[in-house]
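Engineer: Spelled out, the chains give:
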Amino acid sequence: MRLTKDLASGMLFILFGIGSALVASEYEFGTPIRMGPGFFPIILGGAIALLGVIVAVGAILSPDKDEAIATIHFGPIFFVSIAIVGFGLLVERAGLAPALLALIVLSSFARKERNLVEIGLICLTLMAVVWVIFLKLLEVRIPMVAW
Amino acid sequence: MDLFSNLILGFSVALSLQNLAYCFLGVFVGTAIGVLPGVGPLVTIAVLLPLTFGLPPESAMIMLAGIYYGAAYGGSTTAILVNLPGEASAAVTCLDGYQMARQGRAGPALGIAAIGSFVAGTIGTLLIALFAPPLTKLALSFGAPEFFSLILLALTTTAVLVRGSVIKGVAVAFMGVTFGLAGIDVTSGLERFTFGLPRLMDGIEFVVVAMGLFALTEIITNLEVEEHREVFTSKVKNLWPSRDDLKRSVGPILRGTAVGSFFGILPGAGQTISSFAAYAIEKKVSRHPEKFGTGMIEGVASPESANNAASQGAFIPTLTLGIPGSAVMALMLGALMMQGITPGPRVMTSHPEIFWGLIASMWIGNLMLVILNLPLIGLWVTMLKIPYRWLFPLILTFSCVGVFAVNFSTMDIWLMVFFGVLGYVFLKLGCEAAPFILGFLLGPMLEENFRRSMLLSRGSLDIFITKPISAGLLALTALVLVMMLFPKVRRKKDQAIVEGG
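Taken in order, these protein sequences are the chains called A and B.
Each residue of the first sequence is one higher than the last, beginning at 1 in our numbering.
Each residue of the second sequence is one higher than the last, beginning at 1 in our numbering.
Take the hints with a grain of salt, since some may be wrong.
What the hints assert, rightly or not - Part of the chain A face toward chain B, derived, beta carbon under 10 Å:
hint	residue
1	SER9
2	PHE13
3	GLY36
4	ALA47
5	ILE60
6	SER62
7	ILE77
8	ALA99
9	LEU100
10	GLU113
11	THR125
12	LEU126
13	ILE133
14	PHE134
15	LEU137
Claimed, not checked - Listed next, the in silico DSS-like pairs over lysine-lysine satisfying Cα-Cα at most 30 Å (straight line):
hint	chain 1	residue 1	chain 2	residue 2
16	A	LYS112	B	LYS385
17	B	LYS283	B	LYS247
18	A	LYS112	B	LYS428
19	B	LYS247	B	LYS284
20	B	LYS428	A	LYS65
21	A	LYS136	B	LYS385
22	B	LYS247	B	LYS291
Hints were generated in silico from the structure; no laboratory data involved.
Each residue gets a CB set at the ideal place from its N, CA and C atoms; glycine is no exception.
Extracted from the complex, chain B is given alone in its bound form:
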């Protein structure tokens, strides 16, 4: 069967000594940095992105995926031990995980998080292998109007699923699109938004935007608040959950995986919503719902599995359609583009070794996480004690040297400062930056597909409605927007995202 030959190809790529080493390095460094309080997965990936540029494409993607899983697991460790979620999706883990740590059961909490993530990761990998080929086949039949509508849907749903106002989210995404257009216009050869700066002719470098918007903004906001944390470190012993723990966790892990796989494919805050939904479901099916929040292992197992399944699922639209559903996926896609590969449905056929190698390495990376975390938990705990005044110079150094090393251009450094300030302004105005990076990445594609559609239809907008797939996607976009007009739906959404984060 095709599936097996594909997976065998993938494993033959991922299991090469070199790629195994990069996968291990990614998982290790990702966990190490992700564990640091105040450093989320987004910042971890942004800061480590330049380290992968010298690698061959498949190794770079494998290492980045490793960093991603490592950072996510590191974030859960911080959530459990310090009650500080590195990102919104780990917030639910805090509820029961931190209580378990306070009762001296940090070990089993961390252990079940790793096991749950592994089970979810295994099922998630299989799902990708199953669903990616048919989705790719569908995407290959897409023309310009379909892609235009699809990108519009992706931008809108991302804007909808972030915290706060939908209109602001869409406006921020469009701002990102405008910045994405800077540089030489491919059709006319004219320079746009370059303001006479030669460095901007090739457009604004993706890493620069990511570093400024995420790493710098996070450093600045972290420096605004005083450090205060309580770490339960002395009690981390015996990572293996007891037999009773395991028995209680089987159901939650499987239910969490199902929830996560479903929500993960949706663009936007799929991870956050899935971990929240998984927790809510466990509370509903439990015979002791009142005990949730006091250190129930189900309350750790389920959201952690959901979170990981969703992060796997997020790769499906990213790899098959070339449309990222979240800021992290935008970073992965940006990395692929910097390797000179145009994302989209053709990647699977033109670069099968990257596609299937990455998928196989997801499973290997998840396995490494389990193996790695048993002996290394002591090291992570030590890293948790590093104060922020030592950390932020490290992140600043990696950002500055990393950005400069890409093009040896000081212009990139000034731009990074600009995007850092912009990210800070967004934050203070209650606008999320995630739609911006998506808009920035997809902007040129949006314009190009619009232009082609207009050419096809001889200037009539009807083409977006007469093509059935495009019409369906636009109808979905409209439905999402209209739903947000109902106060009840909007309140439910805000509640879900706020409680989740």
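So here's chain A without its partners, still in its complex pose:
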């Protein structure tokens, strides 16, 4: 059996629905008149899981209607995520300038080719833009350099 779009999304819904209902089962359920904090999320989780079952069963019963998942390129999603994590790790410890440097250099690996001079120029321009818009105009208090 191929892992198609509908089958995979059905499974995602089932997992998420059951998972969220399980987490919510730790909260008091209550009665319909006096709903506890667990009442709504458990019902919701059940509904999501049920919808997931419908989607998955539909995908299994008529597989020809379902589409295959398009090719996933891991490069862009990996490097864009890593670049933002790099920004997040540096922005408090080292300041905005190093964080932006990490963001831009790491995210440039999401493309096949890169030009070092160009990346340097983009870095400098964006640091200036951030300094003017966020630090000067909006008066956001994040230091450019801090360690």
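Given the coordinates of chain A, work out where chain B should sit on it, guided by the hints.
Structural biologist: Just chain B now, kept in the frame of chain A:
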């Protein structure tokens, strides 16, 4: 008459020097970013959202509305000159607009798009001013059961009107609701879905979800495909359409406006459907339907007017009921909530300056678009030439710094990455993310109104059926869902949305 005193109040707010400046800034920045290929209005608004947080509420809303119109017009410019629709609703404009550009008539195409949008915007503004007060009055009589049914209807129709399976859309919306519940439960004071993280106690920040789900996902998918575009830039001269062009466009603009105003009030893909429907109608009434697709000015004027009228109409349920009909409207509503204002029918009476100021500024914003685009088209054309490898660092920078600046919390940055990945997974699985953001925003309201209804009815679900308005709304929800079970209706819907996007 009330209408006039309301509009006068609105214009007195919108015409203050400060708000005029914010309106101009919004329209300008919105157009500049919206013009960039691969950057749709949704991303533009999400990325620029943090810039408005420091402003007073009415200025923030006025600027955001400006960004919205600017981004929409910028998207049409890209559609006409590069054949790349920034969002689904601009796709129809590509058909004849791009052909006009190829024939060296890009100028008139852009000009008529601006004029059509302005006419539609003027009529749309009047319609809002006329219909908002009675709708608000109706909404004020709503109790918990009515609101519960209304939110359910909004979530369902949004799920129905997106591309692909309805069931998947509803499931995604419910997932959004679950994420919306994270944080301290107002009734019991208990932490839910916080996993011990203190940052999550106040719930997940709205901007974080919007940035991750829309901006990041769009960057990642854009980076997956190679750049390829052909820009017709050298030929953009003389924006004014000829007298013949104008004469041919009067009918299409008015018909487009009518179509757009009608569909705009419907939640979901109102804009996409209205621009598609307007194009189809023009093709039907035209004496030369075979010429559509070869650069007919009617094929630009009508969908552009419809699109703009619909985007105005979308404000009606958002402002009067507090129920957004699309992801963009969810962003506007989210911005309002971040300003500390609870959306709903009370906004009009408790904050008339925001309500009527925003409406007046819609008209002013549309006027600015026409004035702005005549002298600045050269600048937009230059911006079109910016390659994506320069653009995505800019969007990433604004997203990261913007999200961090809201709370100075790195947790928000990790969450943004999480929602970016989630958005990418949705995309690869053929699920639309728009119902998610609506569910996320409306989730707490859905639970609260359900809880209150249950309390009122002493635990009986009958209350949703015995109250006439609630029963009507639920019947409508059921009707929409049942209609989707008929293969013929479903195929027609998919056809409309696919051709439109």
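Engineer: Hints first: check each against the structure and report whether it holds.
Structural biologist: Going through the hints against the structure:
1. SER9: Nearest chain B Cβ about 4 Å off; hint holds.
2. PHE13: Because about 5 Å separates PHE13(A) from the closest Cβ in chain B, which is inside the 10 Å limit, the hint holds.
3. GLY36: GLY36(A) check passes; min Cβ-Cβ to chain B is 7 Å, inside 10 Å.
4. ALA47: For ALA47(A), the interface hint holds, since the closest Cβ of chain B sits about 6 Å away, which is under 10 Å.
5. ILE60: 14 Å, violated
6. SER62: Where the cut-off is 10 Å and the nearest Cβ of chain B is about 12 Å from SER62(A), the hint is violated.
7. ILE77: Hint on ILE77(A): holds, closest Cβ of chain B at ~5 Å, below 10 Å.
8. ALA99: This hint holds: ALA99(A) lies near chain B, its Cβ roughly 8 Å from the closest one there, short of 10 Å.
9. LEU100: 6 Å, holds
10. GLU113: Constraint on GLU113(A) satisfied, holds at 9 Å.
11. THR125: 9 Å, holds
12. LEU126: 5 Å, holds
13. ILE133: 7 Å, holds
14. PHE134: Where the cut-off is 10 Å and the nearest Cβ of chain B is about 6 Å from PHE134(A), the hint holds.
15. LEU137: 9 Å, holds
16. LYS112(A) / LYS385(B): 20 Å, holds
17. LYS283(B) / LYS247(B): 17 Å, holds
18. LYS112(A) / LYS428(B): Roughly 21 Å between the alpha carbons, so the hint for LYS112(A) and LYS428(B) holds.
19. LYS247(B) / LYS284(B): Holds - the C-alpha atoms of LYS284(B) and LYS247(B) are around 18 Å apart, at most 30 Å.
20. LYS428(B) / LYS65(A): Holds: LYS428(B) and LYS65(A) sit about 16 Å apart, inside 30 Å.
21. LYS136(A) / LYS385(B): Holds, at about 29 Å.
22. LYS247(B) / LYS291(B): This hinted pair holds, its Cα atoms lying about 18 Å apart.
In summary, the numbered hints that this structure violates are 5, 6.
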